[in-house]
Amino acid sequence: MTGVDVSDGELLAGVVGNDRSALAALLARHARPVTRYAWALVGNAADVEEVVQDTFLTTWRRAETIALVDDSLLPWLLATCRYVALNVNRAHYRHSTEELPSDLLVTDDDGEARDRLRWVMQEIALLSPLDRSVTELCLIEGRSYAEASEHLGLTVGAVRQRVSRSRSRLRKAVTDNEA
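With UniProt numbering, the residue at position 11 of the sequence shown is 11, and numbering never jumps.
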């Protein structure tokens, strides 16, 4: 079922039947346009590879629910590629860090800022050891969630959750302190 004269519909039916050669034939047929489209949507080769792989993995997983347009899988693949790329770009945005403006740097004669910084560091010290490590890596050192997850042996999702929880605790501590 891998011939050139086999339609996308027939190949998709093969994928529904768990025929890996049918998926390989779809990949061979549509990988180039999907890859070119992915390059237009994301910024680097690693992301393009991830987007293309996830697009075809989604095809494998959702083959039963795919409706073809004019017996072509390409429109569905391109739409899926777009959504996968948006998710990749969103993840990069969420994990990106911004540098502080230079006017926020603490000078030797800025005692109030030093006191605030000391107070924040004390609040961070009250976090659990793992939350403190995650907070220091991501919020203080500016490392990405992926770098922190690799360093600490956690998943990126676990790091993201711990950063979010720590931010909430620190925000509450600031709010309570101001009141």
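Since the hints were derived computationally from the structure, they do not count as laboratory data. Every residue, glycine too, gets a C-beta built ideally from N, C-alpha and C. Be a bit skeptical, because a hint or two may be false.
Said to hold, decoys possible - Label-pair distances were calculated between CB atoms; the ranges are:
no., residue 1, residue 2, range
1, ARG94, GLY153, 33 to 43 angstroms
2, ASP71, ARG20, 20 to 30 angstroms
3, GLU147, ASP71, 38 to 48 angstroms
4, HIS92, ASP71, 27 to 37 angstroms
5, GLN161, ALA45, 39 to 49 angstroms
6, GLY17, GLU147, 39 to 49 angstroms
7, THR65, MET121, 47 to 57 angstroms
8, ARG20, ASN44, 21 to 31 angstroms
9, GLY142, ALA46, 40 to 50 angstroms
10, ALA79, GLY43, 41 to 51 angstroms
11, LEU86, SER144, 51 to 61 angstroms
12, ARG32, TRP60, 13 to 23 angstroms
Taking 39 to 49 angstroms as the stated bounds, is the beta-carbon spacing between GLN161 and ALA45 within them? The hinted range 39 to 49 angstroms is violated for GLN161 and ALA45, with Cβ atoms some 29 angstroms apart.
Using the Cβ atoms, figure out if GLU147 sits within 38 to 48 angstroms of ASP71. 46 angstroms, holds
With 41 to 51 angstroms as the target window, see if ALA79 and GLY43 comply at their CB atoms. 20 angstroms, violated
With 51 to 61 angstroms as the target window, see if LEU86 and SER144 comply at their CB atoms. Violated, since LEU86 and SER144 (Cβ atoms, about 19 angstroms apart) do not stay within the stated range.
Given the range 39 to 49 angstroms, decide if the beta-carbon distance of GLY17 to GLU147 lies inside it. Holds, at about 42 angstroms.
Return holds or violated for the Cβ distance of ARG94 and GLY153 against the range 33 to 43 angstroms. 21 angstroms, violated
Range hint 40 to 50 angstroms (beta carbons of GLY142 and ALA46) holds or violated: 21 angstroms, violated
I want to verify a distance hint. Is the separation of the beta carbons of HIS92 and ASP71 within 27 to 37 angstroms? Roughly 36 angstroms apart at Cβ, these two residues keep to the hinted range, so it holds.
In this structure, is the beta-carbon distance linking ARG32 and TRP60 contained in 13 to 23 angstroms? 19 angstroms, holds
Is the hinted range of 20 to 30 angstroms satisfied by the C-beta distance from ASP71 to ARG20? 22 angstroms, holds
With respect to the beta-carbon atoms only, verify the hint that THR65 and MET121 lie 47 to 57 angstroms apart. 52 angstroms, holds
I want to verify a distance hint. Is the separation of the beta carbons of ARG20 and ASN44 within 21 to 31 angstroms? 29 angstroms, holds
The structure is inconsistent with the numbered hints 1, 5, 9, 10 and 11, although it conforms to all the rest.
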